[in-house]
Amino acid sequence: MSRMAHAFSARGSLLSRSRYALRQALGSIGHAPFTHLVASCSLAAALFLAAVSVSVTMGAGALLDSWSRSGELTLYLAPALGDARHDRLMEEVRALVDGEVSFVPAEEALERLALALGEPGEALRELPRNPLPASIEIRPLGLDGAALQRLAASLVRLEGVEEVDRGGEWADRVERITTAAGAAAMILLPLLLLGAAVLAASVVRMAIHERRREIEILRLVGATDAFIRAPFLVEGVLAGLAGGLAAAAGLWILAAQLSAQLVLAFPPELDPAALASPSRLLLVIAAGGALGLVATAVSVERQLR
Amino acid sequence: MIQLFHVSKSYAGDAAALSDINLEIGKGEFVFLTGPSGAGKSTLLRLLMSAELPSEGQILIAGRNVARIRRRSIPYIRRNIGVVFQDFKLIPNRTVLENVGISLEVMGLPRGKVREAAGAVLEQVGLGHKLDAMPERLSGGEQQRVAIARAVIGEPSILLADEPTGNLDPELTLEVMEVLTRLNHRGASVVVATHDHALLQRFPRRVVRLDRGRVVEDPS
Numbered sequence: 001m002s003r004m005a006h007a008f009s010a011r012g013s014l015l016s017r018s019r020y021a022l023r024q025a026l027g028s029i030g031h032a033p034f035t036h037l038v039a040s041c042s043l044a045a046a047l048f049l050a051a052v053s054v055s056v057t058m059g060a061g062a063l064l065d066s067w068s069r070s071g072e073l074t075l076y077l078a079p080a081l082g083d084a085r086h087d088r089l090m091e092e093v094r095a096l097v098d099g100e101v102s103f104v105p106a107e108e109a110l111e112r113l114a115l116a117l118g119e120p121g122e123a124l125r126e127l128p129r130n131p132l133p134a135s136i137e138i139r140p141l142g143l144d145g146a147a148l149q150r151l152a153a154s155l156v157r158l159e160g161v162e163e164v165d166r167g168g169e170w171a172d173r174v175e176r177i178t179t180a181a182g183a184a185a186m187i188l189l190p191l192l193l194l195g196a197a198v199l200a201a202s203v204v205r206m207a208i209h210e211r212r213r214e215i216e217i218l219r220l221v222g223a224t225d226a227f228i229r230a231p232f233l234v235e236g237v238l239a240g241l242a243g244g245l246a247a248a249a250g251l252w253i254l255a256a257q258l259s260a261q262l263v264l265a266f267p268p269e270l271d272p273a274a275l276a277s278p279s280r281l282l283l284v285i286a287a288g289g290a291l292g293l294v295a296t297a298v299s300v301e302r303q304l305r
Numbered sequence: 001m002i003q004l005f006h007v008s009k010s011y012a013g014d015a016a017a018l019s020d021i022n023l024e025i026g027k028g029e030f031v032f033l034t035g036p037s038g039a040g041k042s043t044l045l046r047l048l049m050s051a052e053l054p055s056e057g058q059i060l061i062a063g064r065n066v067a068r069i070r071r072r073s074i075p076y077i078r079r080n081i082g083v084v085f086q087d088f089k090l091i092p093n094r095t096v097l098e099n100v101g102i103s104l105e106v107m108g109l110p111r112g113k114v115r116e117a118a119g120a121v122l123e124q125v126g127l128g129h130k131l132d133a134m135p136e137r138l139s140g141g142e143q144q145r146v147a148i149a150r151a152v153i154g155e156p157s158i159l160l161a162d163e164p165t166g167n168l169d170p171e172l173t174l175e176v177m178e179v180l181t182r183l184n185h186r187g188a189s190v191v192v193a194t195h196d197h198a199l200l201q202r203f204p205r206r207v208v209r210l211d212r213g214r215v216v217e218d219p220s
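From first to last, the protein sequence lines are chains Y and S. Here the first sequence stands for residues 1 to 305, numbered as in the numbering used here. Here the second sequence stands for residues 1 to 220, numbered as in the numbering used here.
Warning: the hint list may mix true and false statements.
[To be verified] When the alpha-carbon atoms are kept at most 16 Å apart in a straight line, the in silico EDC-like pairs for lysine to aspartate or glutamate are as follows:
#, chain 1, residue 1, chain 2, residue 2
1, S, Lys-89, Y, Glu-214
2, S, Lys-89, S, Glu-175
3, S, Lys-113, S, Glu-155
4, S, Lys-27, S, Glu-163
5, S, Lys-113, S, Glu-98
6, S, Lys-89, Y, Glu-216
Since the hints were derived computationally from the structure, they do not count as laboratory data.
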């Protein structure tokens, strides 16, 4: 063994090799900044779209779940029934339902809507006639979807009840949209992420091609495959992290814009602020790094074989 | 230190580059490999540095059969063999100092020590004033000395040099031979391939003569 190798191989620290890999990777990025920028941008776009669609799909799923768990029914009553009929209806409903039953006068319904709409809702208070009917809100205990449907069918037959709303139509619509969006995401997102990863891998492949003479020389002076591979892997991770950071910044901006500009309050399950929660942003950045690492590792392995 | 038993090397469609070579080079020995162009000198050096495998025969380096060694072990063998290539093989986008230091960097030495050692060895070959120059800015002779500095910086136990004085004037040839001799005096086995007869006369050492891939003269 050479004296130098003998003196230092035992101490040949991981730190020195890591610093070398980082120096070489930064040098390579500085040498071709535009190609690395393109790779990072494509990773950023893929990660951004993935994060948005996953958030929307998960939020819509949670919303549907919450709706199905709440099992609320609203009975819209015919206008001008009078207080006596309202009281009798409340008694008839209580006889049929085990759970919470409350009467909502037409004035209270209008007030609630005005509050939900915020500033534009002020106009509702100026209307000459309240267009909303009185209603009865029901929260039955321990009923599944089928039992809820049977209860709704019996309630709609009560005299003075015009319509029973169990949110089913909305829930069905949201579910259909969520299912379609989920299916599209399942097909498109892997393709999108794969495309971005292939682009990142191509950048590294070009870098390897440009440095093939250097790689040959490194091998001849005793570099291991790991030593040769490390700078390229660091390069991939850095490009991925940059893409992840850009995607996280995009999500943060989108969440801030949605929260500030949309007047209607979102249900908590679809709160745009959740898009940019710290854990989600960290996950996006880490996913970028991981994607860059995996794409580069595959490319380097094939090129250096 | 180096033993070759019935080593042959042939390439598809060509005549054998080496045929039935038997050779033994001891620890601390200085050997010139000579012969006309195409005699097989460079091929023999490439086999010794494990850049290629022999078609037949066995090559033992410090007792290890490099013809049967696992691929992952080759870098560790090469770290003990300094090589001066005929075409220098310098990395174009790295400075002289970085080119020389790379032999130590692959071993994981800290950068400070690498730069210190590289600076010292470049002083020895007369290039202390060109540490930050790029290879393309150097003359052929200077590039050759950078290649020699890179080969000797790790104080290898074996040094292989392919025409190391081919581009040098007599004064620089002397300096380079002094560097090789110094390493040899520290116990390294040195094998120099050359067809420079003046060099053989000026530095009398064991001379192994090759011709058409065969050893035709070996005084040992």
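How the hints compare with the structure:
no.	hint	result
1	Lys-89(S) with Glu-214(Y)	holds (9 Å)
2	Lys-89(S) with Glu-175(S)	violated (21 Å)
3	Lys-113(S) with Glu-155(S)	holds (14 Å)
4	Lys-27(S) with Glu-163(S)	violated (21 Å)
5	Lys-113(S) with Glu-98(S)	holds (12 Å)
6	Lys-89(S) with Glu-216(Y)	holds (9 Å)
Of the numbered hints stated above, those contradicted by the structure are hints 2, 4, listed in ascending order.
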